[in-house]
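Residue numbers (the numbering used here), protein chains in the order written: chain A, 1 to 116; chain B, 117 to 230.
Hint data in this document are derived by calculation from the structure and do not stem from the laboratory. Don't be surprised by glycine CBs; every beta carbon is placed ideally from N, CA and C. Hints may be right or wrong, so weigh each one.
Claimed, not checked - The list that follows gives simulated cross-link-like pairs (lysine-lysine, DSS-like), each with its CA atoms no further than 27 Å apart: (1) K140(B) - K184(B); (2) K103(A) - K61(A); (3) K103(A) - K140(B); (4) K49(A) - K103(A); (5) K61(A) - K49(A); (6) K103(A) - K194(B); (7) K103(A) - K184(B); (8) K140(B) - K49(A).
Stated by the list, open to error - Here are a few chain A residues that face chain B, going by a calculated C-beta distance under 8 Å: (9) N102; (10) L104; (11) A113; (12) P116.
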Amino acid sequence: AQSVTQPDIHITVSEGASLELRCNYSYGATPYLFWYVQSPGQGLQLLLKYFSGDTLVQGIKGFEAEFKRSQSSFNLRKPSVHWSDAAEYFCAVADPFSGGYNKLIFGAGTRLAVHP
Amino acid sequence: DAGVIQSPRHEVTEMGQEVTLRCKPISGHDYLFWYRQTMMRGLELLIYFNNNVPIDDSGMPEDRFSAKMPNASFSTLKIQPSEPRDSAVYFCASSAGYMNTEAFFGQGTRLTVV
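Full structure from sequences and hints, please.
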């Protein structure tokens with residue numbers, strides 16, 4: 001069965017600094033990969049997704065993620081963090097051969113704090 | 117469109133009582149999902165529907181949980197009887213297709229069972 005690991009529970013960065021949130025997955029082939037963001041008291045919003053093709057994926061709000069098959073990773077990056085980026089970030093995977101996009105398995109999340 | 121609408125936003129109930137959570141998906145979306153978020157288990161898919169038909173309910177934790185979708189614009193998740201360990205945030209999401217589409221999430225219902 002596939003699984004997702006987000007090694008960092010909490011991360012604090014200064015506004016304007018670069019950001020990288022780590023995500024590792026366990027799956028026999030290439031799964032579908034996603035990053036979601038959850039602001040306090042809100043639902044989840046899709047930042048970006050990877051199904052196939054170019055391994056560097058651009059998303060909304062200036063985020064990007066890179067799929068590295070050799071490392072089973074899908075890390076999220078942003079070159080310059082804004083105070084409004086403070087939120088919880090979830091990496092998720094789906095098995096293309098079992099339920100496709102619909103059966104998302106989420107990581108535990110990384111809570112991002114941004115210092116002014 | 118107003119997005120996925122869930123009600124109530126907060127629910128506090130006593131153990132043993134029946135709880136019904138409601139969801140109105142985005143108009144035109146044919147997939148609807150129910151997720152549960154807890155500190156211990158994170159986000160879990162409970163069940164999802166396609167065209168009002170339950171497709172996969174393998175995530176439903178126990179028989180105390182049931183979900184229905186009587187029409188394309190309404191779904192319910194019912195817990196009967198409720199237990200303290202059911203306390204969580206329950207999210208509903210909808211999407212417009214099977215592949216290559218985004219699931220839009222509601223703001224969730226925070227359930228507390230005392």
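Outcome of the hint check:
| no. | hint | result |
| --- | --- | --- |
| 1 | K140(B) - K184(B) | holds, 12 Å |
| 2 | K103(A) - K61(A) | holds, 25 Å |
| 3 | K103(A) - K140(B) | holds, 20 Å |
| 4 | K49(A) - K103(A) | holds, 14 Å |
| 5 | K61(A) - K49(A) | holds, 14 Å |
| 6 | K103(A) - K194(B) | holds, 21 Å |
| 7 | K103(A) - K184(B) | holds, 18 Å |
| 8 | K140(B) - K49(A) | holds, 25 Å |
| 9 | N102 | holds, 6 Å |
| 10 | L104 | holds, 6 Å |
| 11 | A113 | violated, 18 Å |
| 12 | P116 | violated, 27 Å |
Going through the hint list in order, the structure does not satisfy hints 11, 12.
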